[in-house]
Amino acid sequence: MGSQRNKLLLNLLGEPLIAWTLRAAAASREIQWIGIISQPEDWPDLKSILEGLALNKPVEMILGGVDSPSIGSQRSTGVTLKRSTGADP
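Going by my numbering, the sequence shown opens with residue 1, and the numbers climb by one from there.
These aren't lab readings, by the way, just hints derived from the structure by calculation. These figures come from a predicted structure and were not determined experimentally. Any given hint might turn out to be false.
Simulated restraints on C-beta separations [what the hints assert, rightly or not]:
#1 Q4 with R29: 30 to 40 Å
#2 E60 with E15: 33 to 43 Å
#3 Q39 with N11: 11 to 21 Å
Every residue gets a Cβ at the ideal spot worked out from N, C-alpha and C, and that includes glycine.
Kindly produce the complete structure, drawing on both the sequences and the hints.
Here it is, written out as structure tokens:
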């Protein structure tokens with residue numbers, strides 16, 4: 001796409017692409033929570049987008065690209081942060 005930025009943060013019709021996806025997930029009766037797998041450098045932008053959406057489902061920011069088999073969790077500004085090993089559902 002020619003951008004140095006995460007393509008999910010790029011605008012589509014005036015809104016970040018991830019906002020469209022998050023709204024669709026929040027509207028689903030089948031989805032209980034939303035997980036966003038990303039790198040920490042994207043978290044400030046993602047948190048800002050989430051604040052503007054006021055979704056009705058819990059959202060977890062999941063650390064992507066971690067090679068460690070252990071999974072850790074910590075809280076940061078109201079969003080749960082987890083590590084993903086790629087083996088988790």
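Each hint tested on the structure:
A beta carbon spacing of about 38 Å between Q4 and R29 agrees with the range 30 to 40 Å that was offered as a hint. About 22 Å separates the C-beta atoms of E60 and E15, a value inconsistent with the hinted range of 33 to 43 Å. The hint said 11 to 21 Å for the Cβ distance between Q39 and N11, and at roughly 20 Å that hint holds.
The earlier numbered hint that this structure contradicts is number 2, and it is the only one.
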